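Peer 1: The residues making up each chain are set out below.
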Amino acid sequence: MKQFMVFVRKEFYHVFRDRRTLLILFGLPVMQILLFGYALTTEIKNAEIIVVDHAGDAASQQLTTMIAASKYFDINASDKSDEDIYKAFKKGKVKCAVVFPIGFGNDLLNGEVAQIQIIADASDPNTAKTLTNYLTAITAEYQQQINPTANIPMRIEPVTRMLYNPELNGSMNFVPGVMALVLMIICTTLTSVSIVREKEMGTMEILLVSPFKPTYVVLAKAVPYLALSLIDLIIILLLAVVALNMPIRGSIILLLLESTLFIISCLSLGLLISSVTRSQQTAMMVSMMGMMLPTILFTGFIFPLENMPWPLQFISNLLPSRWFYVIVKAVMLKGLGIGVIWKETLVLAGMTVLLLTISIKSFKTRLS
Amino acid sequence: MSEKAIVCKDLTKRFGDFFAVNHISFDVDQGEIFGFLGANGAGKTTAMRMLCGLSYPTSGEASVAGYNVFKQQEDIKRNIGYMSQKFSLYESLTVRENIRFYGGVYGLSDKQLKEKGDELITKLGMEKEAKMMVGSLPLGWKQKLAFSVAIIHQPRIVFLDEPTGGVDPVTRRQFWDLIYDAADSGITVFVTTHYMDEAEYCNRISVMVDGRIDALDTPANLKQQFEAASMNEVFYALARTAKRSAD
Amino acid sequence: MDTVTLQNVSKSYGKNVPPALQDVSFSVKKGELFGLIGPDGAGKSTIFRILTTLLLSDKGTATVAGYDVVKNYHEIRSCVGYMPGKFSLYQDLTIEENLHFFATLFGTTVEANYALIKDIYEQIAPFKDRRAGKLSGGMKQKLALCCALVHRPEVLFLDEPTTGVDAVSRKEFWEMLQRLKQEGITIVVSTPYMDEASLCERIALIQTGQILSIDTPANIIKAYPGKLYALRAPKVYLLLKDTRQYEGMAQCYAAGDTLHLSFKDEAKDHPAGLLSWLESKGHKGVSIEEITPDIEDCFIAKTSIHE
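Respectively, the protein sequence lines represent chains D, U and Y. Numbering follows our numbering, with no gaps: position 202 of the first sequence is 210. Numbering follows our numbering, with no gaps: position 179 of the second sequence is 389. Numbering follows our numbering, with no gaps: position 60 of the third sequence is 75.
It should be emphasised that the hints constitute simulated quantities derived from the structure, not laboratory data. A portion of the hints provided could be inaccurate.
Subject to a maximum C-alpha distance of 25 Å in a straight line, what follows is the list of computed PhoX-like cross-link-like pairs (lysine-lysine) [stated by the list, open to error]:
hint : chain 1 : residue 1 : chain 2 : residue 2
1    : U       : Lys352    : Y       : Lys186
2    : Y       : Lys256    : U       : Lys333
3    : D       : Lys207    : Y       : Lys101
4    : U       : Lys433    : Y       : Lys250
5    : Y       : Lys86     : Y       : Lys133
Bear in mind that the values here come from a model prediction, so they are computed numbers and not experimental data.
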């Protein structure tokens, strides 16, 4: 046991004395979460908007004031003609416009369907979609205000002019995917590289010639990286909550346990890679490139799995990250418990046990 | 020939306040076999790099093959050959492909390449191996081939950095035969080695200690000067005075 | 009983490459300092890896400290010390951390066997907080030796410990080995430097996976076939070329500033014949004398017989 602890301590020395490892360990997740998170996050603040008010009545002015008051929009100009909208769009400064038709207030008061037109610059579909969603939300809020106990259908119907893609995933779905991706890459890369480094340096020869059991070498390698990956996990979760406003609706304990399971499966995969590669470079290539692409393609957070042909769906089922993604979404976003995700958990657990067994078995007690 | 292949005066390389090479001065004649000895970390590699035009001296003067190490590094590179234990040929190319490649790098014409290549292969007795991958040759053969390739363009000087490390004694002798042959044809040979018996093959030897050249003479004179029976004892007597810890 | 034995061991790394070891047998007595002398690629490292249970041989058996290298590999691993050919410690750990790590790994402490490594360790102790990667060649080598000794092994395997190390450090290293021998540790050491052979009690000359001869250095020199002469003249290279042309010449090669040579037929080809022949070729100041061969001469003689 003492041998084991000394080994683990040695691993920590390696990590904390190597800038490259530290960078992968702590720089990479922060960078990736923020990069991926913000690149696809759709929250936009203080977007410039043009309001063309053909109605000019109380209702249209009230709604305009609400739009101006919201943190999402700054009104660029009012009382412009429809022509001006296109000019402004072409300049690229304004992404969105609202047009109140003549008689908007009347229609609203008379219980008819009052229409407003929302025009968005859909050359950036994500932004456009988000902005129209905000406007729709503000409109709904306005309705609520002017008639809190509405039993007659007094409706404002926003008519949106752009291609709207209801299937497009929002940032909510994206963060769990990035979590799976980041954990996968870090765990496999670091473990595989750290073992292959011992082979390259020749220290593996000495370790094997010592009475320390080869199985323990594998486990002693895995333990520090498990601990470090858990720290990573916490960093990722904090970032997700604080920087990307992700909710954690379900049990945090459950989330941590499931993540641990996933981390162990990734570590085992890393061990497996290390026993079939000879140089740190190859190990790095296999773990980073070899794992990154399938994870991005087949986890389901960028390309919906349901639309894939069955052979690809089959492949995706073999990836631990695919199951982990479903679990994280369920726990974080939907607040579901183990009762709903037991099947996915079981699959993930099975994969972990299998990978760990293979990797320990394939670790050689001799050279070559 | 009285022309000097290498002229070095107060050549110095300083890293911060550390003098890796500390005011060394020496001349090497054309066609001479010059042994460049020193303990690990004495500054041999740094000095050799400056002479090969790979790094600039901090101060001092030096000319190699008649070219200035400060201003004419490219000319120097064209007129020297270089071979080290670590620098080897491309393992996944055949013997002939390696010859063609390195000959091509030094601007040999197709006709020259063909002639030189044939000549070299015959000289090394490698007719049968000409189409084999270099990776599959024994170490000694690789080293001999690497040396022959390093002088394929008839450079004025060839720099050899521990060329015979780990090679068996018979092949080592054959390697030195090649060196003698090259020197005989007028090529200056500048060689470092850890084998002290090899040092005695050289016309003259310099021994570096702590960045300085502490001894420079023929092996016979050095042995006399240090009252030693072998170069090994000479080297030991000198290197023992080193204050600097290596690397 | 012999501490290390190899019997008819063969090993090949693949069909298309020549075998690394062919039918190698030798044994090392308890407390002996045994040298494996041969160039790179002779099979020295393969022998070490088989003995330290890192590799399985294709044929033959081997034992270390009475244990079989295949069946009892676990027992062997706790009673041998091994220093691989390449510097194999953790470069990013300090001297002290490396030593402590390996001590614990072998289930012991630095203090328990400090007496054994004291002499060596004290030389590097002033730098104990320096990382191994920043040490000089000689210091690295001393640290590696300390780490291999820290559990007081019965047998110490040193694979080319002096390769690439300068002459001064090499000398010191051999002095350390002599002291360890006094402590009763069996040492098997390999080296490509023939001049180090005389520092071993017994040596095996090895080339391309085959043992050329095994004996004490003195006996190997005694067994040199025929007489060896040293030839001297000012123009060495010309002398070498011309001497090789001489009819009765068996072998002639450079050794430092002299040439070593032997005649095909001692009775016929007297040195005098060679001298007059050389004089006719225009060489002046030529001298010849019979000399005692060194291990390198023996090695060259053995290899040429082998070929």
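Peer 1: Take the hints in turn and mark each one as holding or not.
Peer 2: Going through the hints against the structure:
1. U/Lys352 - Y/Lys186: Distance of about 30 Å is beyond 25 Å: violated.
2. Y/Lys256 - U/Lys333: Holds, at about 15 Å.
3. D/Lys207 - Y/Lys101: holds, 11 Å
4. U/Lys433 - Y/Lys250: Holds. U/Lys433 to Y/Lys250 sits at ~19 Å (cutoff 25 Å).
5. Y/Lys86 - Y/Lys133: violated, 35 Å
Checked against the numbered hints above, the structure violates hints 1, 5; every other hint is satisfied.
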